[in-house]
Amino acid sequence: METGFRLLARLRSAPALHPDGLTCRAEVEVVDDGRRPWGAPWMDEPARYTARVRLSRAAGLPRRLPDGLGLAVRVEQAAGADRPLDLLLTSSGEGRITRHLPRPRTDALGGPYSSLLPYRIGGRSGTLAAFPRRGRHTHVHGDPTSLAAVLADEPLVFDLCAETFHRSWRAFAVLTVREVLPTPPEDTLDFDVYAHGAPGFTPGRTLAATRRAAYRGSRAGRH
1 METGFRLLAR
11 LRSAPALHPD
21 GLTCRAEVEV
31 VDDGRRPWGA
41 PWMDEPARYT
51 ARVRLSRAAG
61 LPRRLPDGLG
71 LAVRVEQAAG
81 ADRPLDLLLT
91 SSGEGRITRH
101 LPRPRTDALG
111 GPYSSLLPYR
121 IGGRSGTLAA
131 FPRRGRHTHV
141 HGDPTSLAAV
151 LADEPLVFDL
161 CAETFHRSWR
171 AFAVLTVREV
181 LPTPPEDTLD
191 FDVYAHGAPG
201 FTPGRTLAAT
211 RRAAYRGSRA
221 GRH
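Residue 35 in full-length UniProt numbering sits at position 35 of the sequence shown, with consecutive numbering throughout.
Treat the hints loosely; a few may be bogus.
Stated by the list, open to error - Distance windows between CB atoms, simulated:
| no. | residue 1 | residue 2 | range |
| --- | --- | --- | --- |
| 1 | Y194 | E76 | 11 to 21 Å |
| 2 | R178 | H139 | 12 to 22 Å |
| 3 | R36 | P144 | 36 to 46 Å |
Quick caveat, the hints were computed from the structure, so don't treat them as lab data.
Because the structure is a prediction, the values reported are computed rather than measured.
The C-beta atom is built at its ideal place from N, Cα and C for all residues, glycine as well.
Working from the sequences, and respecting the hints, build out all of it.
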């Protein structure tokens, strides 16, 4: 598997998956809703973090076709000084089963983005999700050109949520995606949820070996 991802990334001169995308300046504001702490410091302590976000299409299909939409977030300093945190989310459903399944679509605001696989949050298992808020633009096509046009007019805002014990969603932060940064494909950030975790907040073990191999192969192929 690692070899396959390495070859694909080399051919594309871009990430093996989600090759077409935009890197944007963003910020993450952690909020306190007065409820029980999560047990992960970065989720429990109100703060505002600078961030970089990559909005992408998984397979790079023609614009008219639905595609898996990606929302990758690097939260600077979330794990401590000079220690970023990476979140990788994909367009999905929001039900107890569909939140674990990718859902191709054309509208970037047409539904949630999920981690698909659970995290360990304060010692328990829970999936993450980002729910988009609709602004002046009620429909935003998920291709890079359309997203860049919208971001030139207004930011995209998402509520970052995690599963509760009862598998309902509870918001813990607001993600605001702002202007596009001039980042060529070969300089795209190497997002890696295993290399960039945080205390009390780590990806679960499901498919861990497979995902690590994919990350290594994609990085090696690009560099």
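Take a look at whether the Cβ-Cβ distance between R36 and P144 falls inside 36 to 46 Å.
holds (40 Å)
Do R178 and H139 keep their Cβ atoms within the hinted range of 12 to 22 Å?
holds (20 Å)
Indicate whether the distance between the beta carbons of Y194 and E76 respects the range 11 to 21 Å.
holds (18 Å)
Violated hints: none; the structure is consistent with every hint.
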